[in-house]
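> Which chain is which? The protein sequence lines are L and W, in order. The C-terminal position of the first sequence is numbered 452 in our numbering, with every residue numbered one higher than the one before it. The C-terminal position of the second sequence is numbered 1176 in our numbering, with every residue numbered one higher than the one before it.
Derived from the structure by calculation, the hints contain no laboratory data. Note that this is a predicted model, so its numbers are computed, not measured. Certain hints may be false.
Across the chosen pairs, the derived CB separations fall in these ranges [what the hints assert, rightly or not]: (1) W:Glu1097 to L:Pro85: 46 to 52 Å; (2) W:Asp1068 to L:Ala242: 57 to 63 Å; (3) L:Gly134 to W:Glu1063: 52 to 58 Å; (4) L:Met214 to W:Gly1032: 24 to 30 Å; (5) L:Ala235 to W:Glu1044: 50 to 56 Å; (6) L:Gly134 to W:Leu1040: 44 to 50 Å.
Don't be surprised by glycine CBs; every beta carbon is placed ideally from N, CA and C.
Each chain is listed here by its residues.
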Amino acid sequence: MMPGVTLSRWTMSYFFAALSALIAGEVLMLAGFGYPAASLRAPETLVLVHVIAIGWLSLLMCGALFQFAPVLIARRLYSDTLPLPALLLLIAGLGLLLSGFLQLSGRLPDLPSLLPAAGIVLSAGFMLVLWNLGCTLWPARPLPLPARFVTTGLISLALTVALGVIFALALGQQTNSEPMLAIAGAALPLHAAVGIGGWLTLTAIGVSYRLLAMFMLAPELEGTRPKLVLALAGAALTIVVAAGLGAILNGASLSIPLFAGSILGLASLALYGADILHLYRARKRRTIELNSRMAIHALASFAAAIGLASGLAILGRLEDGIGVVVFVLVFGWLSGLGLAKLYKIVAFLTWLECYGPVLGKMAAPRVQDLVVETRARKWFRVYFLSVWSGTLTLLIGLPTAFRVTAALMLIATIGIVSELVRIRLLSDVAARSGGPAAVPRPHLLFSRPSSI
Amino acid sequence: MTTTFVDLDVRPTLRDGGEPFEQIMQTVSALGPDQGLRLLATFEPVPLFHMLGSKGFTHEATELAGGDWEVLFTPLQSVTAVNPVPATANDTTEWPEPDQHLDNRELDPPEPMVRILAAIETLQHGEVLSALLCREPMFLFPELEKRGHQWRGGFEPDGTTYRILVRVARNSEQVA
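So here's chain W without its partners, still in its complex pose (with noise of 0.2 Å):
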């Protein structure tokens, strides 16, 4: 898979005494699955590395004639990638990588909910299932909450293909 960049040069902006940082970060939630950043600024952007780190960017920077900086962010291939949005709001764990992948994208509904409530009770504690639907599983939620799994889930950045990630608690029916 070759990756293609999409450029930002966020020098203007900083010349102007400006903040780009929603810029970039804007600019970063629209980029599809093989599209990397390009970005231009007049400081190494130190704190943008761990920040689209954890969006699962890696980064390589180059000093530019003048002063100004390079940096070109690449997105790993693997889910972390998916700018997931934690079920609870103290829920910043990192999690394992899935150990099971579902793509239920051209199934009727609700048969993406009874492909995940099957699939998780083949997995064990801690392991994680991922799963890519055509909409966000409304219904699936309360049930997944009952059996006390908990999950992430959001929109890719193609806006249609939603991504949920399930790590699986075993002993379900005494949490709830």
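In isolation and in its complexed conformation, chain L is listed as follows (with noise of 0.2 Å):
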């Protein structure tokens, strides 16, 4: 059986929640909402946080993996009705999540607690999405490579979650338990490495190493160093949660197991810097098109934050700097790399629902004929700078200043996401040919299934 696959109905609804989460995120940074106003542990910030990791990166990703996991294993997306739920749990329960933490802060009346009902919801969500995607990927053991960072991916967001219910339960004070009261008074840093760095992250190399070589038409990365990026990265995981976690409940300190995770990790990334400069060196394709270019900054921009948390470990610095750090980290590595894909995928998408249908039997219009990649590169380069210049105002300790960069990044992902909605409406294939798209124009925010 070859089943192909077909396109995933929520995607693009998935796609335009996350997109509104980071607009979101980028005003409260501009109202100078959070960090760095705020302590990195305040209420606020943990609001920004959770708009960006939940909201936007998260939601983005799920929306990708209903696309892309199928692709990785050759298989149909278990349901393509269960992401639909699912989005609306994620998205309720991230609005009892901000709410609650709203109440720590004292910005909302605190009693009851939002926030284990916010648990429970958000965590209904994510098993949803895990339960389809997990349905999807078990058949086809034993899997490929990308595949299998993907289910690594999956493994760490079912842990970040598992860890956020315990935060959850704990501070709206519904447990009494004491394992659990020490795991929420010290795992935060375990909750964001396995949230940042297993599931964001890994999930983002794993499907990096197959769409930039799909779209540089390069070699499929083979032999043993792609493996040993993800045997180190396990490793890495393992050791932060099992060793962290037993270090907490014996009341140890978490420096021992984090300081080994990161030097497996940073081994692990070493050896997948080493991968992807070899993609791009042995692509067949010379000229790349603006989302493998715009990838280049936001790989940077990782290499960056590695070589600043470094540098920061060395000086001793590294606990004043965290929050720089992952700003890097979350916006100009997993947000650059999202933004840089999207504008592919999107393009991809809708052309293959608006034009596979009749290709063969009238001229149809490239993928490329979508975009207008000259108007839609300043947007990505105002991004990228400012996200840069963001990072410098922060080690400076600028917040007014940082304020305006975020001001910047607005306008750019503003600027970003008009190119998307107007290749979603086909506008630029309609401006090109001088009249109106010869073929339906799709829906905004949701895909039709082709009748098979």
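Both chains are given apart, each in its own frame, so use the hints to dock them into the complex.
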């Protein structure tokens, strides 16, 4: 059986919700809400972090996985229906979570705490996502390497959510269990490391191996190095979680598990960097598209974040600078890569939905006819420049200047989103042909599955 | 084109009472496009002649001194040698030779899909298109299915070239 892969119906809805959350997060930074104006553990910072981590990055990743996990294993998605209730639960759960944090900050009346309910609703949403992707991946064992990265990412998601639920129960005063309270008191670094390092970064790495190879016509990576990247990253995560929880429950310091995990993680990332350099060098396509060029900026941000973290650690200042490192990782690496790949993915999926059924039967535009790269390029440049200058303002300690760079990030993001909307509505196809597109416009927020 | 032969001696396995079939099939599936198999066995392996014949190999069997046999399996230079995977389990009929060949290995996605679907529109009912690709065309299959065409595909022994055969069904709208 070779069923192929069809369009995932709700992926565009995830992308729309995700981009809305990114814009909301940037508005918060522009308004001076949360870090750097507030401390890293302040409720305001928790609001900002979760708008970005759950609302933007996790929804983006889930939407992309519903479409591309099936491509990695050449199978159809287990359910094309479940993503909708999952999305509604995730949005509702995020709303409850943010309200719960606002209660902690005294901005909302605080009884009863909404955090336990947020934990339940959010974990229900993520469980639906995990169930759907798990049932898709499970029958495809033994999994190809990119899918094994995704699986490790999904396990990390489950761990991140589990830790988050423990925090929510403890902060909502719904538990008296000593181990749970000990975890809630000390496991924040684990929650962040497994969420950003395991779920978001490992999944992005796994998908990037495949997407970069595909869009640059490079040979798929084989051999031991990519396997080693996964093995080292898996070992790093296992040490951070297992030894970290062990240390917390025994009242010991987290610094040894975190240090050991970082060393293994660094080794893994160095090998990943070598793989990606190899992909760019071995590509058959000499002139690469905007999405692959912008992915280089994201990868450079990733390298810069690692360099910054190492430098700060050597100076013994990592604890003071961890917020800056996370900022570069989240906005330079994960968000930069996400926006760059969205620019290609939205165009490709829209093209497939609109023109796939008529290919060969009428003259159809190419995927690149849906985009105007010269116009989008300036928004991407503004985006990366503002992220990098924002990083500098954070390092130097200029909160007001940081808000100016946040405003530039916001403007650039709105520019990129408006390009994505134009792609989705076939605006540039119509502009190029001087008349309306010959096919019906797709819906902005979801895909109509073709009838098979 | 000259054919080189990969040697496989299954006589030790047979003498130990083992079953060499899987070993033979693994060796065959690892052969390159211009490679044949030189098989050494303790008897004339007649069932293999038919089996490998359906994979596009001719055979030449010689009895050696001592009752052993040497068989040269030589690949036919035809697409039936690609080890095709049928689209449906019960679809085992022979397909005619392709009427059109495309080499889409150097094209950016989704250009290979565009060319295949365009080429199919120029073919008559029952005609076959053969195309080489650099990866499995996951998004093409639903489109072929919707239009009612049949296909077979699989990776070549080199592991990087994917060959797809599409048999055109002309009244595709009605079939779908």
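> Note whether the CB distance of Ala235 of chain L and Glu1044 of chain W lies within 50 to 56 Å or breaks it.
Since Ala235 of chain L and Glu1044 of chain W have Cβ atoms about 54 Å apart, the given range 50 to 56 Å holds.
> Please test the hint of 57 to 63 Å on the beta carbon pair from Asp1068 of chain W and Ala242 of chain L.
58 Å, holds
> Does the hinted range 24 to 30 Å hold for Met214 of chain L and Gly1032 of chain W at CB?
For Met214 of chain L and Gly1032 of chain W the Cβ distance comes to about 25 Å; the hint holds.
> Range first: 46 to 52 Å. Now tell me if the beta carbons of Glu1097 of chain W and Pro85 of chain L are that far apart.
Check passed, 51 Å falls within 46 to 52 Å.
> Per the hint of 44 to 50 Å, is the separation of the Cβ atoms of Gly134 of chain L and Leu1040 of chain W within bounds?
For Gly134 of chain L and Leu1040 of chain W the Cβ distance comes to about 48 Å; the hint holds.
> Does the hinted range 52 to 58 Å hold for Gly134 of chain L and Glu1063 of chain W at CB?
This hint holds: roughly 57 Å between Cβ atoms.
In this structure, none of the earlier numbered hints is contradicted; all agree with it.
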